[in-house]
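Peer 1: Residues per chain, in single letters:
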Amino acid sequence: MTAYIVRRVLVAVPTLVILIFACFFLMQVAPGGPFTSERPLPPQVLANIEARYGLDQPLWKQMWDYLVGIVTRFDFGPSFAYRDRDVNDIIAQGFPVTLTYGLISFAVATFAGMGIGVAAAVRHNTWLDYIAVGATFSAQALPNFVMAPILVIVFTWQLGWLPGGGWNGGQWQYLVMPVIALSTSYVASITRITRSSMLETLNSDFIRTARAKGLPEHRVIWRHAMKPAMLPVVSYLGPTFVAMITGSVVIDVYFSTGGIGRAYVDSALNRDYAVMLGVTILYGGLTVLFNLLVDVAYAWLDPKIRY
Amino acid sequence: MPGSIRRYGTEMVHRTEQSERIIEALAEGEAIRGRSLWEDARRRFFRNNAAVGALICLGLVLLFTVVGPLFSQWSIEEIDWARMGDIATEGHPSVESGHYFGLDGLGRDLYARTIQATRTSLIVGVIGAFVAVVIGTLYGAFAGFVGGWVDNVMMRAVDVLISIPYMFIIILLMVMFERSFFMLFVGIGIVSWLDMSRIVRGQTLSLKNREFVEAATTAGVGRFTIILRHIIPNLLGIVVVYATLLVPLMILVESFISFLGLGVQEPNTSLGALISEGAGTVLYGTPWQIACPIFFFLVTIISLFFVGDGLRDALDPKDRG
Chain Z
1 MTAYIVRRVL
11 VAVPTLVILI
21 FACFFLMQVA
31 PGGPFTSERP
41 LPPQVLANIE
51 ARYGLDQPLW
61 KQMWDYLVGI
71 VTRFDFGPSF
81 AYRDRDVNDI
91 IAQGFPVTLT
101 YGLISFAVAT
111 FAGMGIGVAA
121 AVRHNTWLDY
131 IAVGATFSAQ
141 ALPNFVMAPI
151 LVIVFTWQLG
161 WLPGGGWNGG
171 QWQYLVMPVI
181 ALSTSYVASI
191 TRITRSSMLE
201 TLNSDFIRTA
211 RAKGLPEHRV
221 IWRHAMKPAM
231 LPVVSYLGPT
241 FVAMITGSVV
251 IDVYFSTGGI
261 GRAYVDSALN
271 RDYAVMLGVT
281 ILYGGLTVLF
291 NLLVDVAYAW
301 LDPKIRY
Chain E
1 MPGSIRRYGT
11 EMVHRTEQSE
21 RIIEALAEGE
31 AIRGRSLWED
41 ARRRFFRNNA
51 AVGALICLGL
61 VLLFTVVGPL
71 FSQWSIEEID
81 WARMGDIATE
91 GHPSVESGHY
101 FGLDGLGRDL
111 YARTIQATRT
121 SLIVGVIGAF
131 VAVVIGTLYG
141 AFAGFVGGWV
151 DNVMMRAVDV
161 LISIPYMFII
171 ILLMVMFERS
181 FFMLFVGIGI
191 VSWLDMSRIV
201 RGQTLSLKNR
211 EFVEAATTAG
221 VGRFTIILRH
231 IIPNLLGIVV
241 VYATLLVPLM
251 ILVESFISFL
261 GLGVQEPNTS
271 LGALISEGAG
281 TVLYGTPWQI
291 ACPIFFFLVT
301 IISLFFVGDG
311 LRDALDPKDR
321 G
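As you go down the protein sequences, you meet chains Z and E in turn.
Going by the numbering used here, the first sequence opens with residue 1, and the numbers climb by one from there.
Going by the numbering used here, the second sequence opens with residue 1, and the numbers climb by one from there.
Quick caveat, the hints were computed from the structure, so don't treat them as lab data.
The reader is advised that the hints may include incorrect statements.
Which stretches of chain E does chain Z cover? Using the computed rule of at least three CB atoms under 8 Å from a CB of chain Z, they are [claimed, not checked]:
1) 126-132
2) 247-255
3) 270-277
4) 288-302
So the derived label-pair ranges between C-beta atoms look like this [claimed, not checked]:
5) E:283 to Z:65: 45 to 51 Å
6) Z:13 to E:190: 21 to 27 Å
7) E:47 to Z:166: 47 to 53 Å
8) Z:297 to E:67: 39 to 45 Å
9) Z:92 to E:71: 52 to 58 Å
10) Z:60 to E:298: 46 to 52 Å
11) Z:6 to E:283: 53 to 59 Å
To give an idea of the interface, some chain Z residues facing chain E are shown, with a C-beta separation under 8 Å as derived from the structure [said to hold, decoys possible]:
12) 69
13) 145
14) 146
15) 296
All C-beta atoms in this analysis are idealised placements derived from N, C-alpha and C, irrespective of residue type, glycine included.
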């Protein structure tokens, strides 16, 4: 087990380094820079600006400094568009918000999906099963950017129950729509995965044995079927996590929650590469870390896995 | 009729008699005509009502994007100056004004724009899936067939790429280079083949030790030729299924980027961009601006899901419950 974890970490570290270098390289080869403007700056001014941001150094040195800064000091460097702000400031300001509703959505997607999935599998071929299957098949086609405006039309415009945006310290009224919009299509996917995996497990021999020895049904499901049936769900948690991160950009923009996504899109429109890179690397790092956790959890759940 | 074939197989009484019967059977061949895998799959697909219905919906959407422009009285960038002053009351969908789907926030014809957007989304989806098929199949089949350290290195590379939130990479590419169709295709192409290569590799691993591959190797056929002639044709079923399911995913990716305003540039548009515009004006009493793009988006995506699902059931009989 330890060797397995060590090996996964050994894969994760180069992944991160490659990600950082690849992003940095992209920034270098991109035509035009943050200081390219309609009116050319005097060469001396440009040289001063470049010296200020370290752009006059040789490429390998810039790359090395950037990497060292991130690894040792967790420092993503200064923003190119805002003179008085670091990338760190921008991240520190928006990240708590994004993290809050992101984690809630992740939990909702996982637990609601698993709950409905198990219920549908246990009540196979009943009306509950049919509704779950039909609803989730269509709901998969409802990504966050479609759900968000639909929710606003219904709950803000028609019913007037919930505020159409904002954050207000994370009060529940402000959380409801972002969480629903972000998690809907993933509740659907996880429900489908759980259901089919649970059905398969319930048809296997060891479940028949468990039933034959007279165990009550709830015990068969919780003690015997649950663990093996959860394996495909666990391996789907990684993609779900990525989806929450990615979807948060839409939520931040549409609901004006003040999270990182807004800053990211603004930086994309301003060509503020430093912020874009910082956010990409931060999210990439989180994803790699999370996948590591999922791998470990998977190895723990499935005794057959031994690499 | 299949019964007669079986009889010829078991009654190997006399050599000459047997060959005679084989000739007879071959002569009859036209009448017996075994069903091929694809013919079987087609039958199964067309027996699936949901999948056929979805295919018809998809056909209608496609027809709409092709024939629709003929009835359009406005182009995608023309502004209807007479009505743009009061879009909420005068810009609603109507046949008399020639704006069948109404006006967008800037007074442009939503009918023409919806057609263009649907077309963009479909093209992006198909091209993304096509890139995935070509690169992913070749890459996965090669890695799986060659095996050893080559396979290891190639699949580790895929592991690395797949664990990066790709949406951010596509956006990075679009912003740093240019926001054009070409860059969009490059970005989507870069990410779309990863899953495909994994699936194809897994299938190749199970295929490469089969007798027909062994036979080809014994006959002196080169490695690359074996991959192209023997491995890939046997993978086609799963590739087709997965490619169909990939089309809606690529449309989702593109719409997501366009929703954020980072996709194709004006005056071109896509469903994501139209949904975003419509969502922004939802509180000004112009519901058609969001209803039209969402309708086409949902019909396209759901139809593609159903068609993909139907194809999977048809081509992969093992999986049927």
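Peer 1: If a hint holds in the structure, say so; if it does not, say that too.
Peer 2: Hint check:
1. 126-132: Our answer is that it is violated, as 0 residues pass the Cβ test (under 8 Å) against chain Z, missing three.
2. 247-255: holds (count 3)
3. 270-277: holds (count 3)
4. 288-302: Three-residue rule met by the segment 288-302 of chain E, so holds; n is 6.
5. E:283 to Z:65: 45 to 51 Å: 48 Å Cβ-Cβ, so the 45 to 51 Å window holds.
6. Z:13 to E:190: 21 to 27 Å: holds, 23 Å
7. E:47 to Z:166: 47 to 53 Å: Once the Cβ atoms are compared, 52 Å apart, the range 47 to 53 Å for residue 166 (chain Z) and residue 47 (chain E) holds.
8. Z:297 to E:67: 39 to 45 Å: violated, 52 Å
9. Z:92 to E:71: 52 to 58 Å: Holds, since residue 92 (chain Z) and residue 71 (chain E) (Cβ atoms, about 54 Å apart) stay within the stated range.
10. Z:60 to E:298: 46 to 52 Å: Holds, at about 50 Å.
11. Z:6 to E:283: 53 to 59 Å: At 55 Å between Cβs, range holds.
12. 69: violated, 19 Å
13. 145: holds, 4 Å
14. 146: Holds - the Cβ of residue 146 (chain Z) comes within 8 Å of chain E, reaching about 6 Å at its closest.
15. 296: violated, 15 Å
The structure does not agree with the numbered hints 1, 8, 12, 15 stated previously, though it agrees with the rest.
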